[in-house]
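Enquirer: As a plain string of letters, each chain reads:
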Amino acid sequence: MAHMNLWEQLIYYYAHNGSYVLAQFNRHFLISVYGVLIAAIVGIPIGIYIAHHSKLSGVVIGIANVIQTIPSLAMLSIIMIGLGLGVNTVIVTVFLYSLLPIIKNTDTGMRNVDPSLLDAGTGMGMTKTQLLRLVEIPLSLSVIMAGLRNAVVLAIGITAIGTFVGAGGLGDIIIRGTNATNGSAIILAGALPTALMAIILDAVLGWVEKKVDPTA
Amino acid sequence: MKIAFLSMEHLNKTYSGGKVAVDDFSLEIEKGEFVCLIGTSGSGKTTTMRMINRMLQQTSGTIKLNGKDISELDPVKLRRKIGYVIQNIGLMPHMTIRQNITIVPKLLKWPQKKMDERAKEMIKLVELPEEFLDRYPSELSGGQQQRIGVVRALAADQDLILMDEPYGALDPITRESLQDLIKDLQTRLGKTVVFVTHDMDEALSLATKIVVMDDGKIMQVASPDEILRHPANEFVENLIGKDRLIQARPSITTVGQVMLTNAASITPDKLLKEALKTMHDRRVDSLLVTDDANYLKGYIDIEDIDYNFQTATSVGDVMHDDVFYVQSDSLVRDTVERILKRGFKNVPVVDSEHRLVGIVTRAALVDIVYDALWGDDDKSESKADSSQQGGAAQ
Numbered sequence: 007m008a009h010m011n012l013w014e015q016l017i018y019y020y021a022h023n024g025s026y027v028l029a030q031f032n033r034h035f036l037i038s039v040y041g042v043l044i045a046a047i048v049g050i051p052i053g054i055y056i057a058h059h060s061k062l063s064g065v066v067i068g069i070a071n072v073i074q075t076i077p078s079l080a081m082l083s084i085i086m087i088g089l090g091l092g093v094n095t096v097i098v099t100v101f102l103y104s105l106l107p108i109i110k111n112t113d114t115g116m117r118n119v120d121p122s123l124l125d126a127g128t129g130m131g132m133t134k135t136q137l138l139r140l141v142e143i144p145l146s147l148s149v150i151m152a153g154l155r156n157a158v159v160l161a162i163g164i165t166a167i168g169t170f171v172g173a174g175g176l177g178d179i180i181i182r183g184t185n186a187t188n189g190s191a192i193i194l195a196g197a198l199p200t201a202l203m204a205i206i207l208d209a210v211l212g213w214v215e216k217k218v219d220p221t222a
Numbered sequence: 080m081k082i083a084f085l086s087m088e089h090l091n092k093t094y095s096g097g098k099v100a101v102d103d104f105s106l107e108i109e110k111g112e113f114v115c116l117i118g119t120s121g122s123g124k125t126t127t128m129r130m131i132n133r134m135l136q137q138t139s140g141t142i143k144l145n146g147k148d149i150s151e152l153d154p155v156k157l158r159r160k161i162g163y164v165i166q167n168i169g170l171m172p173h174m175t176i177r178q179n180i181t182i183v184p185k186l187l188k189w190p191q192k193k194m195d196e197r198a199k200e201m202i203k204l205v206e207l208p209e210e211f212l213d214r215y216p217s218e219l220s221g222g223q224q225q226r227i228g229v230v231r232a233l234a235a236d237q238d239l240i241l242m243d244e245p246y247g248a249l250d251p252i253t254r255e256s257l258q259d260l261i262k263d264l265q266t267r268l269g270k271t272v273v274f275v276t277h278d279m280d281e282a283l284s285l286a287t288k289i290v291v292m293d294d295g296k297i298m299q300v301a302s303p304d305e306i307l308r309h310p311a312n313e314f315v316e317n318l319i320g321k322d323r324l325i326q327a328r329p330s331i332t333t334v335g336q337v338m339l340t341n342a343a344s345i346t347p348d349k350l351l352k353e354a355l356k357t358m359h360d361r362r363v364d365s366l367l368v369t370d371d372a373n374y375l376k377g378y379i380d381i382e383d384i385d386y387n388f389q390t391a392t393s394v395g396d397v398m399h400d401d402v403f404y405v406q407s408d409s410l411v412r413d414t415v416e417r418i419l420k421r422g423f424k425n426v427p428v429v430d431s432e433h434r435l436v437g438i439v440t441r442a443a444l445v446d447i448v449y450d451a452l453w454g455d456d457d458k459s460e461s462k463a464d465s466s467q468q469g470g471a472a473q
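So the protein lines, in turn, are chains A and B.
Going by this note's numbering, the first residue of the first sequence is number 7, and it counts up by one from there.
Going by this note's numbering, the first residue of the second sequence is number 80, and it counts up by one from there.
No lab work stands behind these hints, which were simulated from the structure alone.
Even glycine gets a Cβ: it sits at the ideal position worked out from N, Cα and C.
Among the hints, erroneous ones may be present.
Claimed, not checked - Straight-line Cα separation of at most 27 Å, DSSO-like style, residue types lysine-lysine; simulated pairs: (1) K199(B) x K147(B); (2) K185(B) x K199(B); (3) K217(A) x K147(B); (4) K134(A) x K160(B); (5) K61(A) x K98(B); (6) K160(B) x K110(B); (7) K110(B) x K134(A); (8) K160(B) x K199(B); (9) K356(B) x K143(B); (10) K98(B) x K296(B); (11) K217(A) x K98(B); (12) K217(A) x K134(A); (13) K147(B) x K134(A); (14) K356(B) x K134(A); (15) K134(A) x K296(B); (16) K216(A) x K321(B).
What the hints assert, rightly or not - Covered by chain A, per the in silico footprint, the following chain B stretches (three or more residues, Cβ under 8 Å): (17) 88-95; (18) 353-359.
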């Protein structure tokens, strides 16, 4: 192997461990997406609620902010105490970190809806639910999407260190590389797909975000 | 007793913190009326309007629509029956014009076909091309958007339309064309409109009834003509503005208000000698002839006296009885032209029982025309001078 340069080694690694990398890629992707999805299911309603109850807004965003400041490795370890080793611990960590961007953006998006539109909607006889479904959510969707996009990129990074609690994913390959002598190629073999995944998802969600922007 | 279409009784609105926004507001509105609520900002006009569709809840008092207390109705159902147009237009930017127009029909679950037809009908009503139905609000100009805003409030056959300074943000030309539009639609479709504005010109040209408000209280409720003719108090006068009152003067002033009351007159049984003496004393060249009860009989002028001095003795023998006169309660607007055309130097004014009450001279007419054109304040003196000379030269 020593006669090959870094790129040749990398290609060699992919050639021999292709299915393994793909499996880890898949696992990594799912862990991130599950975490963000659960955070969206919980966070968007919270965001909507606090946008309508501005007194709560400060408290909730404050809590989410505190969660965000805890170093991710520390958070993983703390949650591991409760949930033990494995995938669930990482998903919960991703969930907690995704909450802030999702709640914050939902809150901001809802608040930025032109008050005169709400006035017009209510004045025309929309119920609260109709106002939410027909006016508020469509108009804040692009800001909410921007939050999801942030959360996904964040989640991919956090999932990479999930390897320390035995969750698998592309982090496994990176750690394997750091443990090996002359493991640069293996580090790259894990790091490159991780970065690629983040970039592609960011681009896709960015496109969706533009698509749902009503003002564009 | 006839039930008013919309009646508001002793409405009060006090905000938490004690600010009184509306104070004992009572008003009855008949079907087909165009009511303008006018006042300075903070006068409670918008607050009052918003209580009608329960966007705000009054502190006390009742509002009845078709005799039904609206506080017993479901606010959502109530609002779907009342058109609502706001200053910021409030078209949904994520919906096409078609969807915007049919928001309320959709809330009322009309079938799709009926909604499509209605959208087409509505866009025709405001003289916009049908292609606009598939565009988004941002592709339309402000004036076009507010046209859509107006028909959106009509699309579900609402009988009552509330409009909150709908044209406040538009330029004067667009505003005028939209004013014509709403006035036309309102009369043609027989809608009842409650229109909030702070623009007196707008209120005067649109309203059938103007409600002037200040500090939450009603200052005056009257027709535009009535309000120009008899402003209830100084506040109303100021709100109308001096300029407008003066400009409106020729159109609403009665002859009685501008006539001179010291008309030189004489009874028919007097001698010509006495008539001549009266003329000399009053420095006039003609006299009006009235009987003892002041009934206008005719007139006599200096030429008649000169010509008949030798033959006739009493005023009654030589007076002209074909005198042209005007009623004191007729409008100057209607009489000024007739007076000028006939070339009289002056015209007697009589009351409804044909008694002489005064006289309108050409000089008085000059004053009216002058006021209407230049106002009675300190506008450029040179202009005033030249207009007077011009008048004299004729």
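Enquirer: Check the hint pairing K110(B) with K134(A) against an upper bound of 27 Å on the C-alpha distance.
Expert: Measuring from Cα to Cα gives roughly 31 Å; hence the hint is violated.
Enquirer: Would you check the hint for K134(A) and K160(B), treating anything up to 27 Å between C-alpha atoms as holding?
Expert: holds (18 Å)
Enquirer: For the pair supplied as a hint, K217(A) and K147(B), confirm whether the alpha-carbon distance does not exceed 27 Å.
Expert: violated (47 Å)
Enquirer: For the pair supplied as a hint, K185(B) and K199(B), is the alpha-carbon distance within the 27 Å limit?
Expert: Holds - the C-alpha atoms of K199(B) and K185(B) are around 15 Å apart, at most 27 Å.
Enquirer: Can you confirm whether the C-alpha distance between K217(A) and K98(B) stays at or below 27 Å?
Expert: Status violated; Cα separation ~46 Å.
Enquirer: For a C-alpha distance cap of 27 Å, please report whether K217(A) and K134(A) respect it.
Expert: It holds: about 26 Å lies between the C-alpha atoms, which stays within 27 Å.
Enquirer: With the threshold set at 27 Å, check whether the alpha-carbon distance from K356(B) to K143(B) stays at or below it.
Expert: Since the Cα atoms of K356(B) and K143(B) sit roughly 71 Å apart, the hinted pair is violated (cutoff 27 Å).
Enquirer: For the pair we were handed, K199(B) and K147(B), check the Cα-Cα distance against 27 Å.
Expert: Not satisfied, since the Cα-Cα distance of roughly 33 Å exceeds 27 Å.
Enquirer: Closer than 8 Å, Cβ to Cβ, for at least three residues: run that test on the region 88-95 of chain B against chain A and report holds or violated.
Expert: As far as the region 88-95 of chain B goes, the hint is violated, because 0 residues have Cβ atoms under 8 Å from chain A.
Enquirer: Decide if the proposed pair is consistent with the structure: K134(A) and K296(B), CA atoms, cutoff 27 Å inclusive.
Expert: Distance of about 33 Å is beyond 27 Å: violated.
Enquirer: When you check the alpha-carbon spacing of K61(A) and K98(B), does it fall within 27 Å?
Expert: With Cα atoms ~24 Å apart, K61(A) and K98(B) stay inside 27 Å; holds.
Enquirer: CA of K98(B) to CA of K296(B), is that 27 Å or under?
Expert: Distance ~13 Å between K98(B) and K296(B) Cα, so the pair holds.
Going down the numbered hints, you'll see the structure goes against 1, 3, 7, 9, 11, 14, 15, 16, 17, 18, while the others check out.
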